[in-house]
Amino acid sequence: MLILTCPYCSVAADETELSAGGEAHVKRETVGADDAAFEQYLFQRENPKGIHFERWRHAAGCGKWFHAARCTNTLEVFGTYSAQTLEPPKNITDAISAARPGWTWRNFS
Amino acid sequence: MKKYSAFAIAKEALTYHKGWGRAWAKPAPKSHYDVIIVGAGGHGLATAYYLGRNFGITNVAIIEKGWLGGGNTGRNTTIIRSNYLQDPSAAIYEKARSLYETLSQDLNYNIMFSPRGVIMLAQTHHEVRGYKRTAHANALQGVTTEWIEPKRVKELVPIINLHGPRYPVLGGLWQARGGTARHDAVAWGYARACSDMGMDIIQQTEVTAVKRSGGKVTGVSTTQGDISCNKLGVVVAGHSGVLADMAGFRLPIESVPLQALVSEPIKPCMDVVVMANTVHGYMSQSDKGEMVIGGGTDSHNAYTQRGSFHHVEETVRALCETFPMISRLKMLRQWGGIVDVTGDRSPILSKTPVEGMFINCGWGTGGFKAIPGSGWGMAELIAKGHSPLTDQFGLDRFREGRFIDESVAAGVAH
Numbered sequence: 001m002l003i004l005t006c007p008y009c010s011v012a013a014d015e016t017e018l019s020a021g022g023e024a025h026v027k028r029e030t031v032g033a034d035d036a037a038f039e040q041y042l043f044q045r046e047n048p049k050g051i052h053f054e055r056w057r058h059a060a061g062c063g064k065w066f067h068a069a070r071c072t073n074t075l076e077v078f079g080t081y082s083a084q085t086l087e088p089p090k091n092i093t094d095a096i097s098a099a100r101p102g103w104t105w106r107n108f109s
Numbered sequence: 001m002k003k004y005s006a007f008a009i010a011k012e013a014l015t016y017h018k019g020w021g022r023a024w025a026k027p028a029p030k031s032h033y034d035v036i037i038v039g040a041g042g043h044g045l046a047t048a049y050y051l052g053r054n055f056g057i058t059n060v061a062i063i064e065k066g067w068l069g070g071g072n073t074g075r076n077t078t079i080i081r082s083n084y085l086q087d088p089s090a091a092i093y094e095k096a097r098s099l100y101e102t103l104s105q106d107l108n109y110n111i112m113f114s115p116r117g118v119i120m121l122a123q124t125h126h127e128v129r130g131y132k133r134t135a136h137a138n139a140l141q142g143v144t145t146e147w148i149e150p151k152r153v154k155e156l157v158p159i160i161n162l163h164g165p166r167y168p169v170l171g172g173l174w175q176a177r178g179g180t181a182r183h184d185a186v187a188w189g190y191a192r193a194c195s196d197m198g199m200d201i202i203q204q205t206e207v208t209a210v211k212r213s214g215g216k217v218t219g220v221s222t223t224q225g226d227i228s229c230n231k232l233g234v235v236v237a238g239h240s241g242v243l244a245d246m247a248g249f250r251l252p253i254e255s256v257p258l259q260a261l262v263s264e265p266i267k268p269c270m271d272v273v274v275m276a277n278t279v280h281g282y283m284s285q286s287d288k289g290e291m292v293i294g295g296g297t298d299s300h301n302a303y304t305q306r307g308s309f310h311h312v313e314e315t316v317r318a319l320c321e322t323f324p325m326i327s328r329l330k331m332l333r334q335w336g337g338i339v340d341v342t343g344d345r346s347p348i349l350s351k352t353p354v355e356g357m358f359i360n361c362g363w364g365t366g367g368f369k370a371i372p373g374s375g376w377g378m379a380e381l382i383a384k385g386h387s388p389l390t391d392q393f394g395l396d397r398f399r400e401g402r403f404i405d406e407s408v409a410a411g412v413a414h
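The listed protein sequences correspond, in order, to chains A and B.
Per the UniProt record's numbering, the first sequence starts with residue 1, numbered consecutively.
Per the UniProt record's numbering, the second sequence starts with residue 1, numbered consecutively.
Keep in mind the hints are simulated off the structure, nothing from the lab.
One or more hints might be untrue.
Claimed, not checked - Capping the alpha-carbon separation at 25 Å, the derived lysine-lysine pairs in DSS-like fashion look like this:
{"no.": "1", "chain 1": "B", "residue 1": "Lys26", "chain 2": "B", "residue 2": "Lys2"}
{"no.": "2", "chain 1": "B", "residue 1": "Lys30", "chain 2": "B", "residue 2": "Lys330"}
{"no.": "3", "chain 1": "A", "residue 1": "Lys49", "chain 2": "B", "residue 2": "Lys211"}
{"no.": "4", "chain 1": "A", "residue 1": "Lys27", "chain 2": "A", "residue 2": "Lys49"}
{"no.": "5", "chain 1": "B", "residue 1": "Lys267", "chain 2": "B", "residue 2": "Lys351"}
{"no.": "6", "chain 1": "B", "residue 1": "Lys351", "chain 2": "A", "residue 2": "Lys49"}
{"no.": "7", "chain 1": "B", "residue 1": "Lys95", "chain 2": "B", "residue 2": "Lys132"}
{"no.": "8", "chain 1": "B", "residue 1": "Lys65", "chain 2": "A", "residue 2": "Lys49"}
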């Protein structure tokens, strides 16, 4: 079973305690954006076989949203971090680089 | 190809059945094909078959990373039905179901189509209204389904518990000509027919790059070298995003594991397919006597072909409530397949931003039932550039807001 540590309350939570919130770091479009931008925001997804950044909510716990870095191919977890950020912090990207040299995800690496 | 018949069995018996030969050839790839199909699952092989049969295009290669039918075609719960709410869905699934009726004869290969009937149980008042609406929609679409009351459900499925601990059975949507088929045989039958038309099925060969020139597809790089083509059809289910990435575009798709499990074989006890979408589980009995059980998808992306353990518990709990007699059955196997799920839970059969490249994906949790219809439409799309079966399923529908929304229509449990 997938276990993620909530970065807010530090509980190591089973996936039954969490709810998945889909891809992380999606740019939210608003009034004035064109159709292509809205399509990108609402539907287009990276869906990688490998390193992936996701949103999760500690639903049956403290209730906070957070981010996780995970491998969709091996189910390894590289760490969790605050939702109040536009990009993964350096300790997370370093942990991924140690395991997967040369990785990229969108414009992160 | 030797024609399979009772007479052929008798004739081959004279030579101790040593003269049958291979069902399909094992060719080395040529340097060029008119059409390359990536993915030798049911949908890819059916696409190739109808390209040959309906359009006379036989200079075709079907390239497969593993072995043919080794992906979701061999991992599903083999249910065939066409009781969908939206018109474009009903059209393509009913085309598929009607082709299944005569597929054994068409392919000269016994796919064991068993139109035993499919019930989708209504266990909340919301579901009752939804399924009655679907039954009315199906009547207008020419798909034969009917709303049935609990008494009729019990007659059809004597082992069912109508008064479950959580949700009573309030009725069901019944499609008498739905059923099951032998999933491997569908892939094998199409493969044999494709090979017989001179198509090359190239297994154990992975596509590593999509080659383009001036926005047009020119071929693929594979682990057996480069192969050029005029047109490319990508039919790779869960790995569609990986192939799209090679061609430089993204898809409105996320890949998640969907689980199934199968019990030890028991004597015949249920001769229809039952789907219980509120408690979330579905079940049928195979010809070998095993109870074939379908479960839920994971909530998060993964390519692991196993799925989360707690979904097994949820599925088994739902089915023990619905069918108390199975509570002490031992399970033989559990497995997962990677399903490619779109935003509106409907498939994509479409041109792509790369000219000459077509994609067939997004079948999500319900691709097996659609194989013949999907292949029929996809072949027409590749050969002619459009098809009445696939026109509504284009990639551009997401940008334009023309969804074929089966997620709210409760066509299946999601």
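Going down the list of hints, with the structure as the test:
1. Lys26(B) to Lys2(B): holds (16 Å)
2. Lys30(B) to Lys330(B): Violated, at roughly 49 Å.
3. Lys49(A) to Lys211(B): holds (21 Å)
4. Lys27(A) to Lys49(A): Status holds; Cα separation ~21 Å.
5. Lys267(B) to Lys351(B): violated (48 Å)
6. Lys351(B) to Lys49(A): holds (23 Å)
7. Lys95(B) to Lys132(B): holds (22 Å)
8. Lys65(B) to Lys49(A): holds (15 Å)
In this structure, the earlier hints numbered 2, 5 are contradicted, and the remaining ones agree with it.
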